[in-house]
Amino acid sequence: MLLGGRSKVEGLLEASIIRIPPHHYIHVLDQNTNIARVEIGPLTYIRQDNERVLFTPMRMVMVPPRHYCVIANPVARDDDNQVLFDQSGQAKLRHADLEIRLTQDPFPLYPGEEDVTPLQIVYPDTALRLQALLDFEVEGGEKRVAGDEWLFEGPGTYIPRKEVAVLETIKATVIRENQAIRLRARKEGKDRTGVNRVTGEEWLVSKVGAYLPGAHEEVIDIVNAFILTDKKALHVRALRPFKDAGGRERRTGEEWLVTMADREAHIPSVAEEVVGVVDVTTLSSRQYCVILDPVGPDGKPQLGQKRVVKGERSFFLQPGEHLENGIQDVYVLSEEEGLVLRAQEEDEEEEEESGTLRRPGDRWMLRGPIEYVPPASVEVLLRRQAIPLDENEGIYVRDIKTGKVRAVIGHTYMLTQDEELWEKDLPPNVEALLGARLDPLADRSDRGQQAPAALREKTRVVSFRVPHNAAVQVYDYREKKARVVFGPEMVMLGPDEQFTVLSLSGDKPKRANVIKAICLLLGPDFFTDIITIETADHARLQLQLSYNWHFEVKSRTDVADAAAVFSVPDFVGDACKAIASRIRGAVASVQFDDFHKNSNRIICSAVFGFDEKMQVRSSLRFHQNNLVISSVDIQSVEPVDQRTRDALQKSVQLAIEITTNSQEAAARHEAERLEQEARGKLERQRITDQAEAERARKELLELEALSAAVESTGAAKAEAQSRAEAARIQGEAAVSEAKLKAEAQRIEAEAELQRLAKAREQELNYKKEIDRLEVEKQQRLAGIESQRFKEMMESLGSETLKEIARAGPEMQVKLLQSLGLKSTLITDGSSPINLFTTANGLLGALPGQGQAQ
208 MLLGGRSKVE
218 GLLEASIIRI
228 PPHHYIHVLD
238 QNTNIARVEI
248 GPLTYIRQDN
258 ERVLFTPMRM
268 VMVPPRHYCV
278 IANPVARDDD
288 NQVLFDQSGQ
298 AKLRHADLEI
308 RLTQDPFPLY
318 PGEEDVTPLQ
328 IVYPDTALRL
338 QALLDFEVEG
348 GEKRVAGDEW
358 LFEGPGTYIP
368 RKEVAVLETI
378 KATVIRENQA
388 IRLRARKEGK
398 DRTGVNRVTG
408 EEWLVSKVGA
418 YLPGAHEEVI
428 DIVNAFILTD
438 KKALHVRALR
448 PFKDAGGRER
458 RTGEEWLVTM
468 ADREAHIPSV
478 AEEVVGVVDV
488 TTLSSRQYCV
498 ILDPVGPDGK
508 PQLGQKRVVK
518 GERSFFLQPG
528 EHLENGIQDV
538 YVLSEEEGLV
548 LRAQEEDEEE
558 EEESGTLRRP
568 GDRWMLRGPI
578 EYVPPASVEV
588 LLRRQAIPLD
598 ENEGIYVRDI
608 KTGKVRAVIG
618 HTYMLTQDEE
628 LWEKDLPPNV
638 EALLGARLDP
648 LADRSDRGQQ
658 APAALREKTR
668 VVSFRVPHNA
678 AVQVYDYREK
688 KARVVFGPEM
698 VMLGPDEQFT
708 VLSLSGDKPK
718 RANVIKAICL
728 LLGPDFFTDI
738 ITIETADHAR
748 LQLQLSYNWH
758 FEVKSRTDVA
768 DAAAVFSVPD
778 FVGDACKAIA
788 SRIRGAVASV
798 QFDDFHKNSN
808 RIICSAVFGF
818 DEKMQVRSSL
828 RFHQNNLVIS
838 SVDIQSVEPV
848 DQRTRDALQK
858 SVQLAIEITT
868 NSQEAAARHE
878 AERLEQEARG
888 KLERQRITDQ
898 AEAERARKEL
908 LELEALSAAV
918 ESTGAAKAEA
928 QSRAEAARIQ
938 GEAAVSEAKL
948 KAEAQRIEAE
958 AELQRLAKAR
968 EQELNYKKEI
978 DRLEVEKQQR
988 LAGIESQRFK
998 EMMESLGSET
1008 LKEIARAGPE
1018 MQVKLLQSLG
1028 LKSTLITDGS
1038 SPINLFTTAN
1048 GLLGALPGQG
1058 QAQ
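Sequential numbering of the sequence shown, starting at 208, is according to this note's numbering.
I should point out that these hints are in silico values taken from the structure, not numbers from a laboratory. These numbers come from a predicted model, not from an experiment. Mixed in with the good hints there might be a few duds.
Claimed, not checked - The calculated DSS-like cross-link candidates involving lysine-lysine, where the alpha carbons are at most 27 Å apart (straight line), are:
(1) 450 / 513
(2) 687 / 611
(3) 450 / 397
(4) 439 / 513
(5) 450 / 414
(6) 1021 / 1009
(7) 687 / 665
(8) 631 / 611
(9) 688 / 611
(10) 439 / 414
To be verified - Pairwise CB distance ranges, derived in the manner of DEER restraints:
(11) 962 / 988: 37 to 45 Å
(12) 385 / 273: 34 to 42 Å
(13) 619 / 703: 35 to 43 Å
(14) 290 / 373: 24 to 32 Å
(15) 718 / 837: 21 to 29 Å
(16) 266 / 415: 49 to 57 Å
(17) 628 / 549: 16 to 24 Å
(18) 764 / 837: 21 to 29 Å
All residues carry an ideal CB built from backbone N, CA and C; glycine is no exception.
Could you put the whole structure together from the sequences, leaning on the hints where they help?
Structural data, given as structure tokens:
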């Protein structure tokens, strides 16, 4: 396609005859002179051999309305707007020049001319920023110097000039309500209001509407107004000295608030910046706040000062002010509450209210019921609340002036301004024993399962519940004396008192310092020990003994008797050692066989001893701590020596074997006896069963014979009965068949009778309906005929009838024929006619005619 189009164009250019349509032109190059000329249509151009057509006929340039054309290197023209040519016939060109052509007649383009360019339309609220490239003078006489800038404001059509360049299109900025635009001067000059502006100066324009910046103005930003309400204010800072909207002089760095009382909407000027939006501080009737560095009457912050503001009130914090601890609630004190206050400086108002001069550092207590707002010179240290205490509860209180510690027990107490709660520290083992949730009596054997210790409130009085039949010793280190408390009782420690911790022996055999306890159980109870003894024949035995013990306290009110219980720190270890020593001494003097036979007597006599009557005592008493051993239980005796153990085990096994054999023989004899008895019973049962079987067999044979006889007679009887039954069934079937046939015939006859009756009935109804319709038809025809005759007579009238009556017969016949009447009767009053009989005679012939039809 491209090759075909190119060859076609080349063919047109090489043609000798070129037809140029109207408003078209071509460029022809004379190859002899190398000069191009323009040929304008309509024209049929004959090309010479020395000429060449540069392009096919091209349409002339037509500049539409509101368009323009920029011509580069335009042709020179004379005063008559004619093109100038040189001597060789070449059109003269103004090289390096431009020509703007507006709407005109179509014209051809000379070499170097450009296409049509539309004129630029400047719309409303827009402008073109223009810059002069050359010095020139406009039509009004105003001179423009190269570099000058100005605006061409719309609406309008901009006609370009070669001396002017279009830099940019400027659009107007729409300023809405509560808005302003921030402008900056690019060059010294006047703004649209006529105010002189210097380079770099900034200002605001807040007039509502569209604002088109000048040629030397630039829009920096659109500034929105801050809407001020009762709950919001604006924190503003001055960037340079200026006079604000209220007419007040502001210095650089000065800060202030703009509230709704000043204006409802604030647009920050170019000389101020918005630090932030300040929310209103609202205090209810039960609130107050302390303002630090408050602003004074002169508008300057008073550094280091405080001001207390009470509710109900709403206010804005001024710049530089801030709240101490935010908004606080008014102290509402009940009867069981109080405040510990401290004066930070002398306050005359506080002195007038309380009547007491308060110096800096003074402390005092304010008790309820009261509502209290502390002034700026008073610091609230603590809020006291009465501590309710039961009879068995208490707290430790220390006086911070004297340092004395005391326990307050059994009543509600509120600390004064010179008192504080004191924490009582206990040894770690006592803390562990108090925190362990173990019952001293029920859980005394569960030492391996220690529950997690609960944290103790150290300011509370240490208390311990002494169980029944137990005792606790408390030692006062300040008074240097001890007291013993017997259970059941509640022990409450004073500030200088500590529990006496018992460290008892435990395990089997006994080891020291195994059991730690605060309370001492008084028994009765038992402890078990394992000891090793040796007989006179050097047989070493290991004994496991259990001792029942208890403490005998004659008078619990007697301090000496009560203290004696705790006189031996490890009564278990001491008692076990003393008893073991006695047993070893007694066993060392007897032989093994003797000890093996009389071990209980030997051990009991060794432990308890003999009285004056050489009888074994019932108990062993330790007078140091009133411990009584009431009984000894020998749980096991085991030889320590292996040979002794083997011999003893062998003898025991032999005795067991002998006993086993004798028991086995006795069991065998008993089994044989039982077997013989069982065999006799079995034989008797077998004989009885055989006799019973024979009896049953006899009955079976009798029944078989009877059944055979019944079977022979029953077959013939059954056959006869079956034949009789078959004959009976056949007879009954024949009877039933005859009955059914008779019934069928009866039903068919009745159906045929009903069919005939229905047919006759339908035929009668049909004839009756036909007769009715025929009668109705004749009645309607007679009515129509009578109506027609009546209307005809009415149309003729009485006069016409009279004339007919007077006319002759022939005339009457013609009249009747013309009227379409077959017969008529015309009479006068002198000749009466009986119309009743005439009508009957006329209607009498109708039924006969209907039947004939």
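Status of each hint after checking the structure:
{"no.": "1", "hint": "450 / 513", "verdict": "violated (31 Å)"}
{"no.": "2", "hint": "687 / 611", "verdict": "holds (18 Å)"}
{"no.": "3", "hint": "450 / 397", "verdict": "holds (22 Å)"}
{"no.": "4", "hint": "439 / 513", "verdict": "holds (24 Å)"}
{"no.": "5", "hint": "450 / 414", "verdict": "holds (20 Å)"}
{"no.": "6", "hint": "1021 / 1009", "verdict": "holds (16 Å)"}
{"no.": "7", "hint": "687 / 665", "verdict": "holds (23 Å)"}
{"no.": "8", "hint": "631 / 611", "verdict": "holds (13 Å)"}
{"no.": "9", "hint": "688 / 611", "verdict": "holds (20 Å)"}
{"no.": "10", "hint": "439 / 414", "verdict": "holds (25 Å)"}
{"no.": "11", "hint": "962 / 988: 37 to 45 Å", "verdict": "holds (39 Å)"}
{"no.": "12", "hint": "385 / 273: 34 to 42 Å", "verdict": "holds (40 Å)"}
{"no.": "13", "hint": "619 / 703: 35 to 43 Å", "verdict": "violated (25 Å)"}
{"no.": "14", "hint": "290 / 373: 24 to 32 Å", "verdict": "holds (30 Å)"}
{"no.": "15", "hint": "718 / 837: 21 to 29 Å", "verdict": "holds (24 Å)"}
{"no.": "16", "hint": "266 / 415: 49 to 57 Å", "verdict": "holds (52 Å)"}
{"no.": "17", "hint": "628 / 549: 16 to 24 Å", "verdict": "holds (19 Å)"}
{"no.": "18", "hint": "764 / 837: 21 to 29 Å", "verdict": "holds (25 Å)"}
The structure fails hints 1, 13 (numbered hints given earlier, in ascending order).
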